[in-house]
Amino acid sequence: MAVDVMPSRTLVLETKLAPPGVRGGVIRRDRLLAKLDAGASAALTLVAAPAGYGKTMFLSTWAAEQRIPLIWVTLDPGDRDPVRLWTHIAASASRASRGLGSRALERLAVPAPSIDASVDTLLAGVAAYGDPIAIVLDDLDSLDRGESLQSIRLAIARLPGNARIIVAARADPPFGLARLRGRHMLAEIRADELAFTAAEAREVLVRREGIPLTEASIDRLVERTEGWPAALYLSALWLRDKESPNESVEQFGASLRQVSDYLSDELVTSLDPELENFLRLTALLRRFTPELCDAALERDDSREVLAELERSNLLLVPLDSRGEWFRYHALFEELLLLDPSGTQDRAVVHRRAAAWLRQQGFVEDAIAHAADGDDLALAAAILAESVLELARAGRTGFIASWLDRLPAELLVAHPLLAAGGSLIASLIGRPPVEVERLLLLAERARRVRPDDWPPICELFAAEARSISVENDDVRASLHHARIAVEVARESVEPELGPALATLGRALFFVGDLEAAREAVHEEVTLPEAKERPHGYVTALGLLAAIEAYEEHPEQAAALAREAIDFADDRGLSNFWLVAFAHIGLAHALAQLGDLAAAEREARRAEVTRRGSQLSITHAYALLRLTEVQISRSRLAQARVSLSAAEHEIAEFTDPGWLTSLAAELTARLEEASSESAGEGEVVEAPSPGELAVLQHLASDLTQREIADQLFLSLNTVRTHIRSIYRKLGVSSREAAVARADALDLVEEVGRTATHQGDLRK
Amino acid sequence: MYTVVVAGQLGPRFAGAFEGMVVTVVNGHTEITGFVIDRAQLRGLLDRIDDLGLTLVEVRSGAGTDAAYHSA
Chain A
19 MAVDVMPSRT LVLETKLAPP GVRGGVIRRD RLLAKLDAGA SAALTLVAAP AGYGKTMFLS
79 TWAAEQRIPL IWVTLDPGDR DPVRLWTHIA ASASRASRGL GSRALERLAV PAPSIDASVD
139 TLLAGVAAYG DPIAIVLDDL DSLDRGESLQ SIRLAIARLP GNARIIVAAR ADPPFGLARL
199 RGRHMLAEIR ADELAFTAAE AREVLVRREG IPLTEASIDR LVERTEGWPA ALYLSALWLR
259 DKESPNESVE QFGASLRQVS DYLSDELVTS LDPELENFLR LTALLRRFTP ELCDAALERD
319 DSREVLAELE RSNLLLVPLD SRGEWFRYHA LFEELLLLDP SGTQDRAVVH RRAAAWLRQQ
379 GFVEDAIAHA ADGDDLALAA AILAESVLEL ARAGRTGFIA SWLDRLPAEL LVAHPLLAAG
439 GSLIASLIGR PPVEVERLLL LAERARRVRP DDWPPICELF AAEARSISVE NDDVRASLHH
499 ARIAVEVARE SVEPELGPAL ATLGRALFFV GDLEAAREAV HEEVTLPEAK ERPHGYVTAL
559 GLLAAIEAYE EHPEQAAALA REAIDFADDR GLSNFWLVAF AHIGLAHALA QLGDLAAAER
619 EARRAEVTRR GSQLSITHAY ALLRLTEVQI SRSRLAQARV SLSAAEHEIA EFTDPGWLTS
679 LAAELTARLE EASSESAGEG EVVEAPSPGE LAVLQHLASD LTQREIADQL FLSLNTVRTH
739 IRSIYRKLGV SSREAAVARA DALDLVEEVG RTATHQGDLR K
Chain B
15 MYTVVVAGQL GPRFAGAFEG MVVTVVNGHT EITGFVIDRA QLRGLLDRID DLGLTLVEVR
75 SGAGTDAAYH SA
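Sequences listed follow chains A and B, in order. Counting from 1 along the first sequence, just add 18 to a position and that's the residue number in my numbering. Counting from 1 along the second sequence, just add 14 to a position and that's the residue number in my numbering.
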């Protein structure tokens, strides 16, 4: 079953990272080049025109003459996966300036719920670079509407001053262009500017191609095509070998047929059938080298055929500077693919292409071609081969999307996909039913072919089950975690770390702290613990929580901070597994007497693990928050947190010792309530809106700025302030702030950093 | 049921270019008519027209002209 394959080259496709070579026949558009240069002061330059207007050629020409470094990426539908997109952008950045993208690449290799941290890391690198630099993204439409497109919008908003972004697209992207235009942050080059004038058409057809056309013919051509460059290049090819080109143009002018259709028909029918067949079948490959063509079409002369095509026309586009990879011009490719004949050939071509690409290590393309060739079994086989590598490179989104597409039987046939898939699903927070579905398939695989069930599958399935079921029955979770560790110790040592972390967590919630400590201690002292960042962060955070529980606050705080820093470093700050570190820190800070900070950390933990599904970690975070709030005498808030925690715990079959913790806190809350009743002055509580304004009064913001921040009118803010003064019995801003602090109404005075602000250091 | 009209006459090669839709030539333009389940499908159709380098003239709900409906 093992196929001799090269290590996967999916991870970075070099061909995407440089503009295609500039073609000899391409016309210079000096005025437009100057316009593009002039747009350097705008954050975004948009080159927007339909297919065939020469956007790529234009940008390539410009790129070739640039002295500033360029971060070029040619986008394709695979970049809808934001990890893949930014991996390529970061890789391209490193080629533009050594090391520029390396921090971002490190972050990208670790799965995280959002791409923002990696984008920020890359942009920070760009800012640090300091000198002018441009990011060029060709073919933005490939991205469709999704996370990737949004991430680019984010990048535009956060772009450092020394950088500019240039995008080429067929349609205006949803980047808030009107607003950018209004702020002079947008430069545009559109279809009407890219269209050819009669003079330019003459340059191409008469001067370069040597076609003896009259002025009238040229005018007719330009009129008929509306200056559409692709059509004019096609007509050059069509007219090249005609005996009386001017007559042909007359006929063309009279025809009502769609321009591109007419021209490509005329062109293709003039070729010999062999060449036509070659074009039709190689178009299926999308991106190809001569070797790939040979393999897919079972011939040995593709190199010569392509060389001839390249020499004699502009429909073959080189994708890299070494002239290895090509594609057909997008429009021509579409038209070639329309030919309905020979559907059988097509599937065969796709499959042969898949085999060759797999051999060469182009895993993602291989899988896509296998699917296009209606051979999902092949696609599954290729995916199974490379799933571990893809997972470690952070391509969990890609894996998950293929798992969705593959039918159940194929997942059963490749247990690693089912088992590994279930673990990925549980880690990235897919709904329990999905995790369950994959686990059932894994189970079926094990039963049907027990000899084909390697230990790593056993391990992944056990881990997935443990993580999935911890949000219902901690004892069951412990059971599976123990199995996972056993299997790892015996046969899959590299994966022992994460298994121990999962075991530690289960032991913690069951209440066996001694054993939990042992497990996580072993995890963090494994020599390669840091190679599995998720496991390491979990274990370290758990250790902090345990130390805090055993009343060693300094140690706990130190461990927690280490875990948080590590997570931050690897772009895992928002990942739910970090919640433990925040819980541990909250607990420790409370013991050390810094209650305000403790509450902040507890809230942070709660938010990190908040989601639509039950979570024992979330419930624990809420309980710790309750405890801090009781200590701060914020009894109303404590009641709310406790109630939320109890509601969540009630849904569990077995929530371990959280039940007794909740009971303990209930008792303390009762006590505190009866103590504080009747004590102190009754202050009419400010409303939530007033509290928000009060919070900002502690800062240096003017009233107008506060209004902006809170999206309120200035009047509303003033009304709130008047009300606050009345309720607090004060008459000045300073007095209001002092009183608020004394009454503990606001977060630590002077620190109005938002949640977001905390993350961005 | 939607009818999308594009500029110019499309040759026979486009007959199968739009899955499940009927392609006919009417008055120098081409009408693409068929059932569109939802907006996403309509967007997909419009994107396809874009990909093929065609010029959109009109989108209307309802069947095409009578003439269009009987040929194919």
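Rather than coming from a laboratory, the hints here were simulated on the basis of the structure. Just so you know, not all the hints are guaranteed correct.
[As the list claims (entries may be wrong)] DEER-style ranges, computed between Cβ atoms: (1) G39(A) <-> R74(B): 57 to 65 Å; (2) V71(B) <-> D718(A): 57 to 65 Å; (3) R74(B) <-> S419(A): 33 to 41 Å; (4) P95(A) <-> R74(B): 43 to 51 Å; (5) V71(B) <-> P472(A): 58 to 66 Å; (6) V71(B) <-> E83(A): 33 to 41 Å; (7) V71(B) <-> L709(A): 55 to 63 Å; (8) V71(B) <-> R462(A): 52 to 60 Å.
Don't be surprised by glycine CBs; every beta carbon is placed ideally from N, CA and C.
Hint numbers not upheld by this structure, sorted from lowest to highest: Violated hints: 1 and 4; rest satisfied.
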